[in-house]
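With the hints as extra help, turn the sequences into a complete structure.
Going line by line, the protein sequences match chains U and A.
The numbering of the first sequence is our numbering, which starts it at 9 and goes up by one.
The numbering of the second sequence is our numbering, which starts it at 9 and goes up by one.
It should be emphasised that the hints constitute simulated quantities derived from the structure, not laboratory data.
What you were told as hints is all true, and nothing was included just to trick you.
Note that identical chains are pooled: a pair holds if it fits in a single copy or bridges any two copies.
Derived lysine-lysine pairs resembling DSSO-like cross-links, with alpha carbons at most 27 Å apart: (1) Lys-316 with Lys-81; (2) Lys-311 with Lys-93; (3) Lys-200 with Lys-21; (4) Lys-265 with Lys-375.
Here is how the chains run, residue by residue.
Number of protein chains: 2
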Amino acid sequence: MSFTLLKKSSNSKARRGKLKLNHSEIDTPVFMPVGTQASVKSISPDELYEAGFKIILSNTYHLYLRPGADIIKSQGGLHKFMNWKYNILTDSGGFQIFSLSGLRKLKEEGVEFTSHIDGSKHFLTPEKAVELQEIFGSDIAMVLDECIKYPCSEKDAERAKNLTFNWAKRCRNAHSLASQLQFGIVQGNVFKNLRKQSSEEICSLDFPGYAVGGLSVGEPADIRNEVLDYSVDWLPDNKPRYLMGVGAPEDIISGVKCGIDMFDCVLPTRNARNGQVFTKNGPINIKNASFKNDSNPIDDSCKCYTCKNFSRAYLRHLYKSGELLVLRLNSIHNLYFLNNLMLDIRKAIEEDEFKSFADYFLSQYSKS
Amino acid sequence: MSFTLLKKSSNSKARRGKLKLNHSEIDTPVFMPVGTQASVKSISPDELYEAGFKIILSNTYHLYLRPGADIIKSQGGLHKFMNWKYNILTDSGGFQIFSLSGLRKLKEEGVEFTSHIDGSKHFLTPEKAVELQEIFGSDIAMVLDECIKYPCSEKDAERAKNLTFNWAKRCRNAHSLASQLQFGIVQGNVFKNLRKQSSEEICSLDFPGYAVGGLSVGEPADIRNEVLDYSVDWLPDNKPRYLMGVGAPEDIISGVKCGIDMFDCVLPTRNARNGQVFTKNGPINIKNASFKNDSNPIDDSCKCYTCKNFSRAYLRHLYKSGELLVLRLNSIHNLYFLNNLMLDIRKAIEEDEFKSFADYFLSQYSKS
Numbered sequence: 009m010s011f012t013l014l015k016k017s018s019n020s021k022a023r024r025g026k027l028k029l030n031h032s033e034i035d036t037p038v039f040m041p042v043g044t045q046a047s048v049k050s051i052s053p054d055e056l057y058e059a060g061f062k063i064i065l066s067n068t069y070h071l072y073l074r075p076g077a078d079i080i081k082s083q084g085g086l087h088k089f090m091n092w093k094y095n096i097l098t099d100s101g102g103f104q105i106f107s108l109s110g111l112r113k114l115k116e117e118g119v120e121f122t123s124h125i126d127g128s129k130h131f132l133t134p135e136k137a138v139e140l141q142e143i144f145g146s147d148i149a150m151v152l153d154e155c156i157k158y159p160c161s162e163k164d165a166e167r168a169k170n171l172t173f174n175w176a177k178r179c180r181n182a183h184s185l186a187s188q189l190q191f192g193i194v195q196g197n198v199f200k201n202l203r204k205q206s207s208e209e210i211c212s213l214d215f216p217g218y219a220v221g222g223l224s225v226g227e228p229a230d231i232r233n234e235v236l237d238y239s240v241d242w243l244p245d246n247k248p249r250y251l252m253g254v255g256a257p258e259d260i261i262s263g264v265k266c267g268i269d270m271f272d273c274v275l276p277t278r279n280a281r282n283g284q285v286f287t288k289n290g291p292i293n294i295k296n297a298s299f300k301n302d303s304n305p306i307d308d309s310c311k312c313y314t315c316k317n318f319s320r321a322y323l324r325h326l327y328k329s330g331e332l333l334v335l336r337l338n339s340i341h342n343l344y345f346l347n348n349l350m351l352d353i354r355k356a357i358e359e360d361e362f363k364s365f366a367d368y369f370l371s372q373y374s375k376s
Numbered sequence: 009m010s011f012t013l014l015k016k017s018s019n020s021k022a023r024r025g026k027l028k029l030n031h032s033e034i035d036t037p038v039f040m041p042v043g044t045q046a047s048v049k050s051i052s053p054d055e056l057y058e059a060g061f062k063i064i065l066s067n068t069y070h071l072y073l074r075p076g077a078d079i080i081k082s083q084g085g086l087h088k089f090m091n092w093k094y095n096i097l098t099d100s101g102g103f104q105i106f107s108l109s110g111l112r113k114l115k116e117e118g119v120e121f122t123s124h125i126d127g128s129k130h131f132l133t134p135e136k137a138v139e140l141q142e143i144f145g146s147d148i149a150m151v152l153d154e155c156i157k158y159p160c161s162e163k164d165a166e167r168a169k170n171l172t173f174n175w176a177k178r179c180r181n182a183h184s185l186a187s188q189l190q191f192g193i194v195q196g197n198v199f200k201n202l203r204k205q206s207s208e209e210i211c212s213l214d215f216p217g218y219a220v221g222g223l224s225v226g227e228p229a230d231i232r233n234e235v236l237d238y239s240v241d242w243l244p245d246n247k248p249r250y251l252m253g254v255g256a257p258e259d260i261i262s263g264v265k266c267g268i269d270m271f272d273c274v275l276p277t278r279n280a281r282n283g284q285v286f287t288k289n290g291p292i293n294i295k296n297a298s299f300k301n302d303s304n305p306i307d308d309s310c311k312c313y314t315c316k317n318f319s320r321a322y323l324r325h326l327y328k329s330g331e332l333l334v335l336r337l338n339s340i341h342n343l344y345f346l347n348n349l350m351l352d353i354r355k356a357i358e359e360d361e362f363k364s365f366a367d368y369f370l371s372q373y374s375k376s
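What follows is the structure in C-alpha cells.
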C-alpha cells in the first residue's frame with residue numbers, strides 16, 4: 009500500500025496520482041460514491057464497478073448501529089457482507105454522531121450519543137472507532153475527530169481542533185490492521201491559524217494519508233475554497249489528500265485545483281433520487297414538464313447504461329408515476345457522469361491542460 | 009404468428025406449446041411479469057431478459073392515464089418507450105377501471121370512470137380499448153370485458169357475460185393491427201352454465217387466443233380450480249389459453265394441470281417488495297429475525313443474480329435499513345424462481361412426467 013505522485017500541474021496545484029490499496033490500485037483524483045448502510049442507494053456492486061468505481065465509502069456510525077459489528081464480523085467483514093470486491097473507505101462515525109444522533113455528551117474520553125433508530129445509548133471512543141473499522145476490514149479507516157459546524161467562535165474551533173489532535177494520537181496508537189491505511193483529519197473550521205496548527209499536529213503523527221475535514225459544513229463556497237487552498241499547503245506532497253463530503257462537479261474541480269486527490273459525497277445519488285441529473289450543461293430536473301415528450305437521453309454525449317437505453321420522456325414518466333426504476337437509472341447516470349469527470353480531470357492533468365479543461369468544463373456546466 | 013401444440017400430458021390436461029409472436033417465439037406454459045406503468049417495478053429490461061422472460065404484461069388503464077397514448081405514440085410505441093425488445097401483452101383497461109378508478113357508470117356503449125390519479129372523467133368503449141392497444145403496439149391485445157367479482161348473483165354474472173360478448177364482437181370488428189394478436193375473454197363467474205355459454209359465444213368469434221377471466225377475484229381456491237377445470241374444456245385445443253391474474257407457484261401448477269398456457273400476476277414482484285421470497289420449500293420473509301446472521305442465499309439451489317451474490321443476512325439488513333436495493337434483489341429472485349418453475353414444468357410435460365413433478369414440487373413447497 010503506497011501513494012505515488014505521477015504528475016503535477018504546472019499552473020495549478022492539481023496532481024495526478026496512484027494509490028495502492030488492499031483490494032486494488034486507485035487512480036487519483038478520485039470520487040468515492042457513498043454506501044451509507046453497506047449499500048450505495050439503489051445501485052448493485054456490479055453497477056458500481058461498471059460505472060468505473062474501485063472505491064466506495066461506508067459509514068461506521070450506521071454500520072455500528074445496524075446491522076452491528078458482530079454481524080458484519082461473523083459474515084466475514086464488510087466486503088464479503090455487501091459483495092463488493094474493491095476498496096472501501098470507512099469514516100469514523102464522528103460526523104454522523106454530531107449530525108444525526110441525539111443527546112450528545114462530548115468528553116475527553118469519547119462521545120456519548122443516542123441512536124437515531126431506537127434512542128438507545130452508546131459511547132464511542134477513538135479506540136472503539138478504530139476497533140469497529142478493523143472489524144469491518146475497510147481498506148482506509150478514518151480517525152475519530154470533532155467536526156465543528158460553521159459559523160463557530162475561534163475558541164470553540166480551537167477546542168475541537170485540540171480534541172481532534174488528542175483523539176488522532178489515540179487512534180494512531182490503537183490501529184493494528186496491516187491491510188488497512190489509517191488517515192488523519194485536519195480541523196480548524198475557517199480559521200487559518202488553526203488550520204495551520206491542526207495540519208502540523210496531525211502531520212506530526214505521520215499518517216499515510218490526510219483528510220481536510222470541517223469544510224462543506226455551512227460556510228460560503230468562496231470561504232471554503234480559500235481555507236481549503238490554504239490548508240492543503242500544510243500537508244505533505246507525498247501523501248494522498250482527501251476532501252470529505254464534497255461531490256458537486258464544480259466543487260470537485262475547485263478541490264482538484266487546490267491539490268485534493270480524493271472526494272466523497274452523497275450528492276450525486278441523493279440528487280438523482282430527487283430527479284436532479286447532471287449534464288455537461290449543468291444539472292436538469294427530469295420531472296420538468298419540458299421533458300415529457302423528449303426522446304433524447306439525459307446527456308447526448310454520455311455513454312452510461314441509462315443514456316444508452318432510455319429517453320428523458322421515459323425517465324420523466326417513471327418519476328411522475330413513482331416507479332422505483334428511475335431512482336436507479338438516475339443514480340447510475342450521475343455516478344457515471346462523475347466518474348467520467350474524474351477520468352477527464354486525470355487526463356487533463358497528465359497532459360498539463362487541467363486549468364484550461366477546468367475553465368472549459370465550468371463554462372459549459374453553467375449553461376443550463 | 010401462430011400457436012403450436014407440441015405435447016399433451018397423458019394423465020392431466022397440461023400442455024406444452026410454442027407461441028410465435030411479433031417480437032419472438034414464446035415457450036408455453038409461460039409466466040408473464042407485470043409492468044403496470046411500462047416498468048416491472050424496480051427491474052430493468054435487461055434484468056427481465058436475463059431472468060428468462062420474453063413476454064411481459066402492461067396495463068392499458070395506467071398507460072392511458074399516464075403518460076397518455078399521445079406520448080407513447082410519439083415516442084415510437086410502448087416497446088421503444090420502455091426499451092423492451094421482446095413481447096408485450098396489454099390488457100384492455102377494464103379490470104383496473106373496476107378495481108382502481110372511482111365513480112364508474114357502466115353502459116352498453118362503454119364505461120365512464122374517474123382517474124385514480126387526478127379525478128378527471130374518462131369514457132372507455134370497446135373500440136377505444138382496441139385503438140389504445142394498437143397505438144401502444146403490444147404483441148397481444150385483450151378485448152374489453154366486464155370482470156365481475158365473487159360473490160355475485162347469477163343474474164349479475166349473466167348480465168356481465170352478455171355485455172362481455174357484445175363488447176368482444178365490437179373489439180373483434182375494430183381490430184386492425186396485423187402485428188398484434190387479439191385475445192377474447194371468457195366470463196361467467198363461478199356459474200358453470202354461464203362459463204359454458206360465455207366460452208361458446210366468445211369462441212364463435214374465432215380469436216387467436218382465449219383468456220379465462222373473472223377468476224382469482226375473491227373465490228376460494230377449490231371453487232376456482234373446479235370452475236377453471238370446467239371452463240377450459242370449452243376452449244379449442246389449438247389456441248393458447250391464458251389465466252389472468254394468477255402467479256403463486258401452487259396456483260400456476262393447478263392452472264397448468266387444467267390446461268392453461270399463460271399466466272400473469274403482480275404477486276412475485278409485489279411480495280418481493282414486502283420481503284416475501286420464494287424458496288423450493290415455500291415462501292419465507294426476509295425480514296424474519298432468524299435470518300439476521302444467515303450467510304446462506306435465499307434458496308441454495310437457485311442460480312439467480314441475488315442468490316449467487318448475496319446472503320439472507322445482507323438482504324435482511326437492507327430490508328430493515330430501508331435500502332432500495334433489496335426491493336430489486338428480492339424481485340429478481342422471485343421472477344427467476346417463477347421462470348425456473350415454468351422451465352421445469354415445460355420439461356416435465358415434454359417427458360410426460362408433469363403429474364409426478366407437480367406432486368413432488370408441491371410436497372416440497374409446503375415444507376416452510
